[in-house]
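Please build the complex by placing chain E on the supplied structure of chain C, with the hints as guidance.
Protein chains: 2
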Amino acid sequence: MNVEADLSPLRAFLESEGIDGYCIDADGSDSDQRYVSGFTAPDPYQTLVTDEGVHLLVSGLEYGRASADANADSVSRRAAYDYQALVAEHGRHEGKVRALEAFLTDHGVESVAVPRNFPTGTADGLRDRGVSVTVEPEGIVEGIRATKTEWEIDRIAASQRANEAAMATAEELIASADIDDGVLVHGGEPLTSERVKEEIEVTLLRHGCGLDETIVVCGADGADPHDRGSGPLRANELIVIDIFPRDKESGYFGDLTRTFARGDPGEEARRRYEVTERAYRAALEAVEPGVTGAAVHDVACDVIEDAGYETLRSDPSTETGFIHSTGHGVGLDIHEEPSVSPAGGELEPGHVLTIEPGIYEPTVGGVRIEDLVVVTEDGYENLTEYPVSLEPVAR
Amino acid sequence: MNVEADLSPLRAFLESEGIDGYCIDADGSDSDQRYVSGFTAPDPYQTLVTDEGVHLLVSGLEYGRASADANADSVSRRAAYDYQALVAEHGRHEGKVRALEAFLTDHGVESVAVPRNFPTGTADGLRDRGVSVTVEPEGIVEGIRATKTEWEIDRIAASQRANEAAMATAEELIASADIDDGVLVHGGEPLTSERVKEEIEVTLLRHGCGLDETIVVCGADGADPHDRGSGPLRANELIVIDIFPRDKESGYFGDLTRTFARGDPGEEARRRYEVTERAYRAALEAVEPGVTGAAVHDVACDVIEDAGYETLRSDPSTETGFIHSTGHGVGLDIHEEPSVSPAGGELEPGHVLTIEPGIYEPTVGGVRIEDLVVVTEDGYENLTEYPVSLEPVAR
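For the record, the sequence lines run as chains C and E. 1332 is the number that my numbering gives to position 260 of the first sequence; each next residue is one higher, with no gaps. 1335 is the number that my numbering gives to position 263 of the second sequence; each next residue is one higher, with no gaps.
Chain C on its own, in the form it takes in the complex (with noise of 0.2 Å):
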């Protein structure tokens, strides 16, 4: 039920620098300790790998799960290693850091290479101790979550289909709403932006994702791309959704966006959408691999430039028209490598990556149009089967 890691550049890297070990000290949150131990827990555990192995120092409450799910060669309860004892005499993380030593002792390594976000205190404490941390600088790992197996594109795939589950109850709520005095109203009540939130949030539930935020925006409010949205939801207005769910079980995420509107948003939000959508296709078909993420975000900059609109690249500081890079990676992070903005380098089959352009302006709102691909030998496949349309159809 996990990935199996292909750690080889990590290892690489090790031989280069002449470094014994890998070492990740983190709670299973940090999608890096996730992906490497195969394994996840609430409170902190150390993941360390050599070229011989992956090995796993845990508590004891964490062992039979660990020795049962996690992707290791080896899993030592920190008791082997006189935590307990260690913590009396010295203190709960000078006995970390001592326990932590030992273990890599038992395992043959002096030297380590650890993530930039590994914790300062363990640093320094095993800098103390004599052993030689260094900070590895490209983030190795990070790089080869970018890179996904069958296996993980299935999971993502499977967050997509929730989604669209999720997507399809909300485009319902604003298709079927009736309007009175240009509020869309459900059920008697005002249709708000927390009460569609709160119906893609439990059709997520019944389909095993969770999530802690969704964008539901209208209007104004949609001019700048973060703001989440509160408040009834209006006719004539543009409506964003943008949805990122986390599957509760695998923890890897989809993404997917929509903008929708009832009656008639006026001709300059049409024309918007219709520039967006075009952006969006350009920039998909754009995707192959070879081709770098910058190249992609440049093709949906042309576009949307030609249609006279500002972007970050025409205007480092507009704070309208299209304001944000037009693709993100996403796996066990909702934001990960690859990068589809001027920072982009090339794509390789097995990225999967969002392509989201839009354009934002208060006095119109926001437009913006996701799928989430993943970049194949010759091209890419879609693994979004949601519709585009700006008016809301109920499904």
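Some clues are possibly wrong.
Any copy will do: because identical chains look the same in the list, a pair fits if it lies in one copy or spans two.
Heads up, simulated SDA-like pairs for lysine to any residue below, C-alpha to C-alpha not over 25 Å straight-line [what the hints assert, rightly or not]: (1) Lys1320 x Ser1103; (2) Lys1320 x Gly1110; (3) Lys1320 x Asp1296; (4) Lys1320 x Glu1271; (5) Lys1320 x Glu1433; (6) Lys1320 x Ile1251; (7) Lys1320 x Asn1308; (8) Lys1320 x Asp1141; (9) Lys1320 x Gly1215; (10) Lys1320 x Ser1131; (11) Lys1320 x Pro1304; (12) Lys1320 x Ile1406; (13) Lys1320 x Ala1152; (14) Lys1320 x His1298; (15) Lys1320 x Asn1454; (16) Lys1320 x Gly1417; (17) Lys1320 x Glu1270; (18) Lys1320 x Pro1114; (19) Lys1320 x Ala1077; (20) Lys1320 x Glu1266.
Bear in mind the hints are in silico, worked out from the structure with no lab data behind them.
For chain E alone, kept in the frame of chain C given last:
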């Protein structure tokens, strides 16, 4: 809409150590970051505490929201410190470090204390630039967070109300189930752990709370306090339900456990329930300012050992009996200070903590009863209003 954090212990530490500021580099999922900044964001940002104020360094995307929402004396955009140019010249991570260094310099800060989990990449980068970085070993912010304001207690109580609604949903499902061949059946389908968890989580969503994990565990599986449970619930066996929701708006948790049985779980299970309930009531009555968490834990151990069961106090290697601590603090983290365990220090007014003794063994299953309380000037106030009863009732 925020706690007004009393950072004076942190400032006293800085002054006594002759350090210019305290710096956090984390996203809003880090509770120290959320607490000190009064802000939360999905990507890392930096918070600096000096003797003059609290200063935030955020991306342009978060600037508007941070300026409106944060508990900060000043909010700066990275762009104000040439972030993009520094990234273009030095790469993303070195660019980030240099922008942070410029921000520190701007506030007259040449030395910082940092939390133990501060990223080693940032710490080493700042040190390379001549900034002194010292790990603050005691967890001063965690210590400050342990004592809740009235505002925080109200938030936690609100999460506990949602929690009780979810527990009532679960209890009612179990109480009203039919029994077919020893298995609980509801609506013609076996009543599984998964179904009950889903209804709990939907109820929590309807009350504005989210959560990733819920425990609904039956029979022998319940002997492992960390087993989340799966499969059909059975009559005549102990069913442990442990719910720890987080309010989506405030970020504060609740925590509640009850144990139920349909039919007759047997004399030994009933005895364990009765002993656990006595331990729970005795531990509750021991809670008052000036008493240590260790002393409260001892009270629970006394009751359980006197009844003839092992505890980790009577046998540190036992895998049955009372095999965890009596409780833990609850706030922005589900596990935080203070500890109600052998390591637990003095309780103080405003501490919010769980009391949750339990007795476990595979042949009998698990029993646990848990309330959430706040320490008051002369004792405690129970933030939990849920009845204690082994027999489930449709309320």
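Quick rundown of the hints versus the structure:
When the C-alpha separation of Lys1320 and Ser1103 is checked against a cutoff of 25 Å, the pair qualifies both within a copy, at 14 Å, and between copies, at 22 Å. Within a single copy, Lys1320 and Gly1110 get their C-alpha atoms as close as 15 Å, which meets the 25 Å cut-off; across copies the closest is 28 Å, which misses it. For a Cα distance limit of 25 Å, the shortest separation of Lys1320 from Asp1296 across copies, 21 Å, qualifies, whereas the shortest one inside one copy, 29 Å, does not. Proximity of Lys1320 and Glu1271 under a CA criterion of 25 Å is satisfied in both settings, with 18 Å inside one chain copy and 15 Å between copies.
Taking CA atoms no more than 25 Å apart as the test, Lys1320 paired with Glu1433 passes in neither setting, with 36 Å inside one copy and 28 Å between copies. Taking identical chains as interchangeable, the C-alpha atoms of Lys1320 and Ile1251 are never at most 25 Å apart, the minima being 37 Å within one chain and 30 Å between chains. For a Cα distance limit of 25 Å, the shortest separation of Lys1320 from Asn1308 qualifies neither inside one copy, at 37 Å, nor across copies, at 30 Å. In the homo-oligomer, the alpha carbons of Lys1320 and Asp1141 lie at most 25 Å apart inside one protomer (16 Å), although the nearest pairing across protomers, at 30 Å, exceeds that limit.
When the C-alpha separation of Lys1320 and Gly1215 is checked against a cutoff of 25 Å, the pair qualifies only within one copy, where the shortest distance is 24 Å, while the shortest distance between copies is 32 Å. Taking the shortest Cα distances, Lys1320 and Ser1131 sit within 25 Å of each other inside one copy (23 Å), while across copies they are farther apart (29 Å). In this assembly of identical chains, the alpha carbons of Lys1320 and Pro1304 lie at most 25 Å apart only when taken from different copies (20 Å versus 30 Å within one copy). Taking CA atoms no more than 25 Å apart as the test, Lys1320 paired with Ile1406 passes in both settings, with 14 Å inside one copy and 18 Å between copies.
Taking identical chains as interchangeable, the C-alpha atoms of Lys1320 and Ala1152 are never at most 25 Å apart, the minima being 32 Å within one chain and 39 Å between chains. For a Cα distance limit of 25 Å, the shortest separation of Lys1320 from His1298 qualifies both inside one copy, at 24 Å, and across copies, at 17 Å. Taking the shortest alpha-carbon separations for Lys1320 and Asn1454, only the intra-copy value of 23 Å comes in at or below 25 Å, while the best inter-copy value is 32 Å. For the identical chains of this complex, Lys1320 and Gly1417 are neighbours neither inside a copy (30 Å) nor across copies (36 Å), given an alpha-carbon limit of 25 Å.
Taking CA atoms no more than 25 Å apart as the test, Lys1320 paired with Glu1270 passes in both settings, with 18 Å inside one copy and 12 Å between copies. When the C-alpha separation of Lys1320 and Pro1114 is checked against a cutoff of 25 Å, the pair qualifies both within a copy, at 14 Å, and between copies, at 19 Å. In this assembly of identical chains, the alpha carbons of Lys1320 and Ala1077 lie at most 25 Å apart only when taken from the same copy (20 Å versus 33 Å across copies). Proximity of Lys1320 and Glu1266 under a CA criterion of 25 Å is satisfied in both settings, with 22 Å inside one chain copy and 12 Å between copies.
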